[in-house]
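K.L.:
Work out the full structure, taking the sequences as your base and the hints as a guide.
2 protein chains.
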Amino acid sequence: MTQLDRLKTRLGEICDLRAAAAILGWDQQTYMPPGGGAARSEQLATLQRLSHETFISPEVGELLELAAAETADLAYDSDEASLMRVTRRDYQKARKVPPSLVAEIARTTSQGIEVWTNSKAQSDFALFRPVLKRIFQLEQDLARCLEFDEHIYDALLDQYEPGMKTNVLKALFADLRQHLVPLVQSVSQSRRHVDDSALHQLYDPQKQWDFGVEVLKRFGYDLKRGRQDKSAHPFTTSFSVNDVRITTRIDEGFLPSALFSTLHECGHALYEQGVSHSLERTPLGGGASLGIHESQSRLWENLIGRSRGFWQFFFPRLQSIFPQALSKISFEGFYRAINLVQPSLIRVEADEVTYNLHVLLRFELEVEILDNRLNVDDLPEAWNSKMKTYLGMIPPDDTQGVLQDVHWSNGLIGYFPTYTLGNLISTQLFEAATRECPAILQQLEQGEFSELLNWLRRHVHQHGRKFLPTELAERATGKPLQADAYLKYLTEKVADIYGT
Amino acid sequence: MTQLDRLKTRLGEICDLRAAAAILGWDQQTYMPPGGGAARSEQLATLQRLSHETFISPEVGELLELAAAETADLAYDSDEASLMRVTRRDYQKARKVPPSLVAEIARTTSQGIEVWTNSKAQSDFALFRPVLKRIFQLEQDLARCLEFDEHIYDALLDQYEPGMKTNVLKALFADLRQHLVPLVQSVSQSRRHVDDSALHQLYDPQKQWDFGVEVLKRFGYDLKRGRQDKSAHPFTTSFSVNDVRITTRIDEGFLPSALFSTLHECGHALYEQGVSHSLERTPLGGGASLGIHESQSRLWENLIGRSRGFWQFFFPRLQSIFPQALSKISFEGFYRAINLVQPSLIRVEADEVTYNLHVLLRFELEVEILDNRLNVDDLPEAWNSKMKTYLGMIPPDDTQGVLQDVHWSNGLIGYFPTYTLGNLISTQLFEAATRECPAILQQLEQGEFSELLNWLRRHVHQHGRKFLPTELAERATGKPLQADAYLKYLTEKVADIYGT
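Protein chains in written order, with the working numbering: chain A, 25 to 524; chain B, 25 to 524.
Hints were generated in silico from the structure; no laboratory data involved. Among the hints, a few may not be true.
You can't tell identical chains apart in this list, so a pair holds if it fits in one copy or across any two.
[To be verified] Result set (DSS-like, lysine-lysine): computed pairs, CA atoms no more than 27 Å apart in a straight line:
1) LYS248 to LYS231
2) LYS517 to LYS410
3) LYS241 to LYS254
4) LYS412 to LYS512
5) LYS241 to LYS512
6) LYS120 to LYS189
7) LYS241 to LYS120
8) LYS503 to LYS517
9) LYS189 to LYS157
10) LYS254 to LYS231
P.N.:
The following block contains the structure:
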């Protein structure tokens, strides 16, 4: 047995513990009876503590050093060299944070979610303020432990988007802001009215479910290696490359809710199902980053699921399933309805065009607070002021404003930008894929997606966590991450829908 | 923090790991997609190894010694004294078995189940023979590691029924054989024919499910702290006292299949839901033994679920749910049909009277093999010969004979007798309960079960694993375990059904 084998054995056990925690989490959100919650928290805490302790043990450090000699001559992109590179990086980061800080963050955010829930229900930011202050302080402490070269925000961002830098984000967002704000205004000023009332009718839940499953299968989601269940908040979770599950929720009175959440989660799941089997039970099995993951979900949800080609095939099918609701609407009317652009207060309900302005706002606020340029006390005013600037709206209360997202209460600072990165990467990948395989667009109109899936498998999925996200995007598309493809896509879409 | 607290913390973590493994096992048998199997085996193996290693660590041994002084003066039946007593016993047993033997048994039985499946499908005992020999050898090795005073079988039995002895079993089974063999013969010779054809009609699966749930709720199974799902083989599993789940399977063409499996599993689940909260996350949380567990499932399945009183309330209800199938059958006809006695080849399909003869046969064969009085080569002949003696039938092939049960292939030697112990204990408990609370029998006829459940909670459930099964049975019933109550119950039942 080589030292690398020994290392892999230990890492395999850690993967098993993490997978077990993921299974417990899936159960908690799908089938667990109400009484099960308290014991489940203890069980999850034990699994997480054990996997963390095992990973940061001196034994893993030693094995990393011993195995280094054995793997020194391997090619950069070989599984083994990548395993060593990524694991060393993970290990060094994990060792930097003292267990006492991990515990303090866990305690505070656990309380934070509870306080936030109350505070949001009462639309009273003052209730949330003290714990939110503490959370931002702890995240600053965390960032200092993790270390950074340029910007304190880099350290937090790096947890979700390895290698990404605040300055790169700033440039990308500046580009987006410059183009998106006028684009949104042009929609407001357009004389064409898009009517989505047809989507707000009664749609039988079982038929919605069945149609979703039909699309899942056509996309290539393997139901022998996965399944769909219902949960309050849709999510994707993976217990191995052969057991990748998604959930959805169904709104009987609004067709897009289940449909697009199913397509979105399917994108995540196709990624996880496509990771190379050779990376199973190693730290490389899984997505490269939140941004790359979101690029997959948004690609299937938006670039495919809201495209003309997709609906050329599926709209007649959907009409035949819901004749009463859809017989009176034209293809063009339906296509426009699912692509309605309208500034709104709530991020998770935002359309493709305004969505990234919601993210921009959060990114700017997070950076300002970490820089100590903005005080948490002044957050609601800062929020509302940016909403006015970017979207022309002011929330009537904090529930629809600064209190809307769970993320901060859970200590997820540096997380929001990955949503926008996902959007940018999705279009850059899709552009590269269709350039290389124009057949993708023809297949699309026939309800076939194998060419696209194969391209993504080859260029993205199979590599798992072998490469940094920026590296992966550049290898796949031949150029560094830019906003160009995304802005071009949105501008053309808005022109198509609104005749601008 | 006391040493006892330290010990409890460590034991709590072990409980969490075991609960996590149970959740993974539940998922495997209910919702896991087919592809998930391979990774699941690895995940389960890691959890089981970790919980075992943590438990047998010298640290736990030290804490046991240190905590002993703190708990020396506590009452025998206090939670703390019981925790120390039971944990010390578990620890000493677990330490006796070398990890290499544990691993060898795991490997061999994992192969054993696979070989048995093939062998059973082909009805060819010769295929199974080599691995079965090896399994019996390994179990002999295991018994020697575990140590025993009187009989090698004691050591294996003790794993499932702590404190039970082979000689006690031999006496109980001798008593049973002496009475049951003539009882079965008297049924064969009875002139009354019991017709159960009404049970073999089409019964809508959803209505079967709903009726089962109705009874579950009336029994007192708390669905806020549990749930029922479907699986190939019905089972009960517990992740905490507040999350105890059961499964069932539905046969559209045979009413008793789902119904009695639901009542059976409900009995197990009521036990687990009734364990005192003070024993949560300790080794005392759970049932005292397989025998005591089976006493609960058989009590609700048979003593309640096949009783006149129960059906006086539920038969009209069942008739109204299945008017087509049941309108033509009388109460008496239905009651007899679900209590049909008929010698048969397959244990799991056996009625209450013949069931224990199937167990007797297996117990005798296991003891003879462990004593080296019977060779595995000669097992099929020995099986058939005993079937002839006890049930008057000879299996036409090994699939319906010696190959029918999975247990031996899985290394479960010493397990079968707990089924019969469960039957005996169930009647002894029920006799004591109805003697103390005659209201139980009146409630029964009104579809009410709270008096019975409360009695069981008080005398059995709440104690978890605090007492040895024989101790628990004696504390609850005031006398040692005997076959009397069971034989009286069966004799009266047979007289009632067959007019013998």
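K.L.:
Now tell me if each hint is right for this structure.
P.N.:
Taking the hints in turn, this is what the structure says about them:
1. LYS248 to LYS231: Answer is within; shortest intra-copy Cα gap is 22 Å, inter-copy 29 Å.
2. LYS517 to LYS410: within (25 Å within a copy, 80 Å between copies)
3. LYS241 to LYS254: For LYS241 and LYS254, the Cα distance is within 27 Å both inside one copy (17 Å) and across copies (25 Å).
4. LYS412 to LYS512: Within. Shortest intra-copy distance 25 Å satisfies the 27 Å Cα cut-off; inter-copy 84 Å does not.
5. LYS241 to LYS512: For LYS241 and LYS512, neither the intra-copy (30 Å) nor the inter-copy (60 Å) Cα distance is at most 27 Å.
6. LYS120 to LYS189: Classified as within; 19 Å inside a copy, 56 Å across copies.
7. LYS241 to LYS120: Neither. Shortest intra-copy (44 Å) and inter-copy (52 Å) distances fail the 27 Å Cα cut-off.
8. LYS503 to LYS517: within (23 Å within a copy, 83 Å between copies)
9. LYS189 to LYS157: within (24 Å within a copy, 64 Å between copies)
10. LYS254 to LYS231: both (14 Å within a copy, 23 Å between copies)
Hints 5 and 7 from the earlier list are contradicted by this structure; the remaining hints agree with it.
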